[in-house]
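K.L.:
Protein chains in written order, with my numbering: chain A, 1 to 328; chain R, 1001 to 1328; chain F, 2001 to 2365; chain Y, 3001 to 3365.
Do not take every clue at face value.
[Claimed, not checked] 20 Å max Cα-Cα, derived PhoX-like pairs, lysine-lysine:
| hint | chain 1 | residue 1 | chain 2 | residue 2 |
| --- | --- | --- | --- | --- |
| 1 | F | K2272 | F | K2283 |
| 2 | R | K1040 | Y | K3272 |
| 3 | Y | K3283 | Y | K3272 |
| 4 | Y | K3312 | Y | K3046 |
| 5 | F | K2283 | F | K2271 |
| 6 | A | K40 | F | K2271 |
| 7 | F | K2295 | A | K48 |
| 8 | F | K2272 | A | K40 |
| 9 | Y | K3246 | A | K52 |
| 10 | F | K2295 | F | K2283 |
| 11 | F | K2046 | A | K47 |
| 12 | Y | K3046 | Y | K3027 |
| 13 | Y | K3271 | R | K1047 |
| 14 | R | K1040 | Y | K3271 |
| 15 | F | K2312 | F | K2027 |
| 16 | Y | K3213 | F | K2213 |
| 17 | F | K2272 | A | K47 |
| 18 | Y | K3283 | R | K1047 |
| 19 | R | K1048 | Y | K3272 |
| 20 | Y | K3271 | Y | K3283 |
| 21 | R | K1052 | F | K2246 |
| 22 | F | K2295 | F | K2027 |
| 23 | F | K2046 | F | K2312 |
| 24 | Y | K3027 | Y | K3295 |
| 25 | Y | K3312 | Y | K3027 |
[As the list claims (entries may be wrong)] Here are a few chain Y residues that face chain F, going by a calculated C-beta distance under 8 Å:
| hint | residue |
| --- | --- |
| 26 | Q3026 |
| 27 | G3029 |
| 28 | Q3169 |
| 29 | H3173 |
| 30 | E3174 |
| 31 | T3208 |
| 32 | K3213 |
| 33 | G3217 |
Source of the hints: derived by calculation from the structure; they are not laboratory data. Glycine is no exception: its CB is placed at the ideal position from the N, C-alpha and C atoms.
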Amino acid sequence: MSRTLTYREALREGLDEELARDPNVVLMGEEVAQYNGAYKVTEGLWKKWGDKRVVDTPISEAGFIGMGIGASMLGVRPVMELMFWSFHSVAFDQLVNNAAFVRYMSGGLCNCPIVVRGPANGGTNVGATHSHIPEALFASFPGLKVCAPATPADAKGLIKAAIRDNDPVYVMENTLLYGNTGEVPDPADGDHVVPLGLADLKRGGSDVSLIAHGRSVIHALGAAEILQSEHGISAEVLDLRSIRPLDVDAILNTVARTHRVVLVDESKPFGGVSAMVATIIQEHAFDELDAPIRRVCSIDAPAMYSPHIEPEQLPNPRRIVEKVLAMG
Amino acid sequence: MSRTLTYREALREGLDEELARDPNVVLMGEEVAQYNGAYKVTEGLWKKWGDKRVVDTPISEAGFIGMGIGASMLGVRPVMELMFWSFHSVAFDQLVNNAAFVRYMSGGLCNCPIVVRGPANGGTNVGATHSHIPEALFASFPGLKVCAPATPADAKGLIKAAIRDNDPVYVMENTLLYGNTGEVPDPADGDHVVPLGLADLKRGGSDVSLIAHGRSVIHALGAAEILQSEHGISAEVLDLRSIRPLDVDAILNTVARTHRVVLVDESKPFGGVSAMVATIIQEHAFDELDAPIRRVCSIDAPAMYSPHIEPEQLPNPRRIVEKVLAMG
Amino acid sequence: MPARAKTKPAVGFADSPVNQTLTAEQKIGLYAQMVRIRRFEQVSLKHYQAGKIGGFLHLYIGQEAVALGGISLAGPDDHFITAYRQHGHSLAVGMTMAECMAEMFGKRTGCSKGKGGSMHLFAPDKNFWGGHGIVAGQTPLGLGLAYGLKYLGREGCCMCYLGDGAVNQGAFHESLNLASLFDIPVVFVIENNGYSMGTSQVRSSAYTGCLAKRAEGYAMEWDTIDGSDLYEVRAKTHVAMERARKEHRPTLLEVGTYRYYGHSIADANHKKYRTPEEIENYKQHHDPISVFRRKLMEEGVLDDARAEAIAKEAADEAAAAVRFAEEAPVPTVDDIATDVYWETDHGTSASKIGWHFFHDRSVPG
Amino acid sequence: MPARAKTKPAVGFADSPVNQTLTAEQKIGLYAQMVRIRRFEQVSLKHYQAGKIGGFLHLYIGQEAVALGGISLAGPDDHFITAYRQHGHSLAVGMTMAECMAEMFGKRTGCSKGKGGSMHLFAPDKNFWGGHGIVAGQTPLGLGLAYGLKYLGREGCCMCYLGDGAVNQGAFHESLNLASLFDIPVVFVIENNGYSMGTSQVRSSAYTGCLAKRAEGYAMEWDTIDGSDLYEVRAKTHVAMERARKEHRPTLLEVGTYRYYGHSIADANHKKYRTPEEIENYKQHHDPISVFRRKLMEEGVLDDARAEAIAKEAADEAAAAVRFAEEAPVPTVDDIATDVYWETDHGTSASKIGWHFFHDRSVPG
Ligand SMILES: Cc1ncc(C[n+]2csc(CCOP(=O)(O)OP(=O)(O)O)c2C)c(N)n1
Ligand SMILES: Cc1ncc(C[n+]2csc(CCOP(=O)(O)OP(=O)(O)O)c2C)c(N)n1
Ligand SMILES: [Mg+2]
Ligand SMILES: [Mg+2]
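Pulled out of the complex, with its shape left as it was, chain A reads as follows (with noise of 0.2 Å):
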């Protein structure tokens, strides 16, 4: 059996549900109890568990997340809200010195269960300062763990992982797919977890392969939609939620049916979760490859304001699309 819920819903089921399991999870970040969040996935957990395991924090990313961070080091498994990724820019040495690297200066003697998370996306008119997609920023760091799940089963089930997990994992939600709704296991039929490390095959296909993981994944089902009904392509659609741990094996697999592939990735074009990906399978599936592996990344620029243009910006079906047409 499984319940419609939107990705909202099913992130704070997950919450909650880690909150029962385990009292030494702890909800922490700017506006997440009294406020019910910034975008509301805290709702109603401030009321219902109370001032110790649900706490607003002032504005001061590098102190509170460097706090959640030591008290991790104690056993207490913090998660830590960001109000949107890009705010990593100011607790950037919490994240990375601290998160990453103190078990390996340790000598593996301390290690780091904390989550961090929130929105990472663009498309939203906020502009450059407020919509960074750092997920292939913080994969680069060995230490870290980084997912970002495009479906509310997805989200419920890799908040969980991460929850559980024993080092730093930071979740790159999306404001764009709070509202979304898709069926979600329900809970009476077991804990539903989604293994980090595990990529998913969204749809299947023979043509080629679209390889994407947050809100790119539903601009590629689109465009795999719209390459079927209007150019008999067959395009699979990869989803590979996990980031770093990386489901190699799955992008190796799909490029070996379809031997052309597109990645979708909502980054800047230089680096970006796809430049590792294309890098992977170059080396990895040289001979597989009928063609070039081609990427759409957003347009090279900080992200633009205007609600009239920022879309065009960012990958969507229609460029997705053409990018396909244009492989020959």
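Given the coordinates of chain A, work out where chains R, F and Y with the ligands should sit on it, guided by the hints.
P.N.:
Using the frame of chain A, we list chains R, F and Y with the ligands on its own:
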């Protein structure tokens, strides 16, 4: 005519010449003035130019880098030293959201002619927090420019180009190169400026292209010697010098000559400049490649302290040679 | 709003030097500016709700005297920078409603060409360095503008505005220390409206007395100001600006004020974390426009007819701004990648070397 | 060192409750610990100069009483964290010289398996959370450890040490506000040795009176301590620790102290930015070991013979530590990629899914 200078002296000469050329150039950073610089790059400049032009700051990277950015908007041309580029972690918001984006968010009304420079390298047994290599990280943000000189002549030429550029330029130096010597053109023969965006073929060859930047160029040259003398393999070494702008023509040209590529990059393997270069090559020179592009990066863990092992974590000539030989 | 609570009843500031010299017309001009700001915000609200404006909308209604007070004292080398709640500052420095509205409508003729939006209005030609969205991120920039003024030998200061929630960001603290240590002509102005989003001042800051007192830790002068009294804002801000201009010493000012609306228009909670009485009390007794209007009427400077004319002018300008914004052209896809680099925008020789951009312009997508 | 200058001559602290109850043997134990720390540093210096130790070496010589004073008061639930100048803290919490020296020699049996080095000695089993290299980066962690103690319902505190140069980092300021706002049982201890690298305190910080006074801006208790007097360090630190443990209130302490050597051993300038007289004066009149030795001799607790025996024990332990470190195995290339993830180190099912590492293990290079 040219003289033999160390990389450090070449940088200093470049800074000195720019201080003389433009009264708005001001050097700033921790210990750059009275202490002569933690790595002595600015030695003697405070004595020569005085308190106004060479300024010691407290340990407040966000504050003083932001201060430099603000001043640059008014037409001052600050050249900021980060004692280590690793300390970007505490100034990340200023380095990205302000320096990179203020021009865009103002629709072109502002610009930030600022230079941030300092060493960015591993290999000195200072541990994970002090061994960041953030070329690709910053190059991924449109609005920023990044370069990484490998030789004294390039160090002088690039720092001068960076200071004259009207956009923010981040110059990544290397503590292990500061003492290296090389020929640098005599100032009497004219201004020695190396434009951003121009790669340099440091060695010609026909069998394989080694593409690198920064200290990895030195390793690539060492490997090329061994490949030639011990294995009869002729390796070409392309020094990118500038990461953004990037000399894609030079990259594609060397690939067209050798059809085999090994990228050498001190970065960790998830991402890095090499992942971007690999992505570009496979996209734009797909048919030129006779084998998958290979990379020699750091072994994927935070930087290890142990002086016995750190050199093995990093690229080195032996690892490059082995990688080339394994290509068959 | 402890800052205001601490402040003595605002008597006598009309007689302070910087207010005493104001002509009747100048006073009316100040009044008109506040009315203009409020009207702009009301119209923005309407069009935000109608879906014409994207992103966030942070209204300045209730705080008008704060921005105007300082900015009305600007000399030729005084500069201004603030956070995202910035429409008041933008209009006060002399930006037209039209360019601001067009920006918020995401149009090509907006002040930032549709690239910045409501949080990022800029007018460097008017010494106004924007609108910044990262809380306290503008404070080192403001410090730097002031550093630049001193470096370039200009007698001026930079006024750098921030919210009460911004004082707990590290960059601000670093800026305070640097400002005092280096004798930088900067005035930091905390616009204390009592809340950072849904968090009241006491839930975000530990302090004794008031936030501005933290300046003592940096051997810096500070003061508190009643932000409902334009005269007081001008009188006390003037002292700080002169200290900056003449002595290169920074000041931390804390201005007690209030916002009538939510944090942004997306904030539907704002009547939950604040009582209706609190909001009503401010509107009734501390509204900067009503307070100033009353004073000017008492002074015999303003009468109802003039006030009405001012209101109408503001309404007309706002209506015209909306028409301008509606009719303005939208940016094109090609506009996306301009204004990234000065060098490429100017087609310099440097811009011709190497790839500056990495999206694929030949193949669509 | 204004902190010390402000402090009254250190009389009477021997009689403070926490010192009065010390037995003669305990006092001698404290003395021996300081001697041990100094000896370790002297031997480290020698082997750094001989090229046995890589990276940086920041010696603690001159500051011994600071770390020892606080750490000697530790109860079972008190925790400690500090910056990179940390050998004193490491030994004071009970780490062996051997594991520390082996770490600095980059050996596999070092406390951090050769992965951390001189700046990153850890012993969580002794409630010691390291050595941290980013200036002030440890301050939010210390706050978090204390938060964790309170969350877990343990009656303890976290002592978080930092330098006088670290007070101007934003993260520290954020930590102060959070500590006071949330009633966190943390004690921040500024080890004010007068310099951050080559920059004297007055060139890096704007302040009135002393650095600790900045705590007032956060409604936090503070005190200054003469770091050359172990009794005073213990007496005043005890008050702060009890405040944390019992009332969950934080304190900011500033301890006046001095380092005899340069910032690190790479700092060849240190006799340029400090006068020989200044260094000599500290050694002569404020050396924490000499001062305590004199006191114990006056108290009749220590005599020359015992002192010599203590010196010899320390020397022997250090010599043995060097032998241990010399003979210890070096890490292997395979060790590089362990201790990155808890899950992969433990071979859990989670660790089997997806690639965690991206270097190529099949092809060399
Ligand atoms: C670093 C950072 N953290 C969080 C936010 C989200 N945010 C935007 S405004 C705001 C509240 C700021 O309150 P205050 O400084 O009092 O200014 P006001 O809105 O009252 O004018 C928050 C939390 C942000 N923009 N930047
Ligand atoms: C963020 C950051 N900036 C700069 C440095 C380089 N650095 C290391 S120690 C130091 C001086 C710190 O002085 P202080 O805090 O007084 O400590 P002390 O060395 O005197 O113990 C500096 C500048 C660093 N490690 N981290
Ligand atoms: Mg506020
Ligand atoms: Mg110091």
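K.L.:
It remains to establish, for every hint, whether it holds in the given structure.
P.N.:
Evaluated hints:
1. F/K2272 <-> F/K2283: Distance ~18 Å between F/K2272 and F/K2283 Cα, so the pair holds.
2. R/K1040 <-> Y/K3272: It holds: about 15 Å lies between the C-alpha atoms, which stays within 20 Å.
3. Y/K3283 <-> Y/K3272: Holds - the C-alpha atoms of Y/K3272 and Y/K3283 are around 18 Å apart, at most 20 Å.
4. Y/K3312 <-> Y/K3046: 17 Å, holds
5. F/K2283 <-> F/K2271: Given that 20 Å is the threshold and the Cα spacing comes to 14 Å, the pair holds.
6. A/K40 <-> F/K2271: 16 Å, holds
7. F/K2295 <-> A/K48: 50 Å, violated
8. F/K2272 <-> A/K40: 15 Å, holds
9. Y/K3246 <-> A/K52: 19 Å, holds
10. F/K2295 <-> F/K2283: 16 Å, holds
11. F/K2046 <-> A/K47: Distance of about 34 Å is beyond 20 Å: violated.
12. Y/K3046 <-> Y/K3027: 29 Å, violated
13. Y/K3271 <-> R/K1047: 18 Å, holds
14. R/K1040 <-> Y/K3271: The hint holds at about 16 Å.
15. F/K2312 <-> F/K2027: Given that 20 Å is the threshold and the Cα spacing comes to 18 Å, the pair holds.
16. Y/K3213 <-> F/K2213: 12 Å, holds
17. F/K2272 <-> A/K47: 14 Å, holds
18. Y/K3283 <-> R/K1047: 32 Å, violated
19. R/K1048 <-> Y/K3272: 18 Å, holds
20. Y/K3271 <-> Y/K3283: Cα-Cα ~14 Å, so holds.
21. R/K1052 <-> F/K2246: The hint holds at about 19 Å.
22. F/K2295 <-> F/K2027: 10 Å, holds
23. F/K2046 <-> F/K2312: 17 Å, holds
24. Y/K3027 <-> Y/K3295: 10 Å, holds
25. Y/K3312 <-> Y/K3027: 18 Å, holds
26. Q3026: 37 Å, violated
27. G3029: 38 Å, violated
28. Q3169: 7 Å, holds
29. H3173: Where the cut-off is 8 Å and the nearest Cβ of chain F is about 4 Å from Y/H3173, the hint holds.
30. E3174: 5 Å, holds
31. T3208: Holds - the Cβ of Y/T3208 comes within 8 Å of chain F, reaching about 5 Å at its closest.
32. K3213: 6 Å, holds
33. G3217: 4 Å, holds
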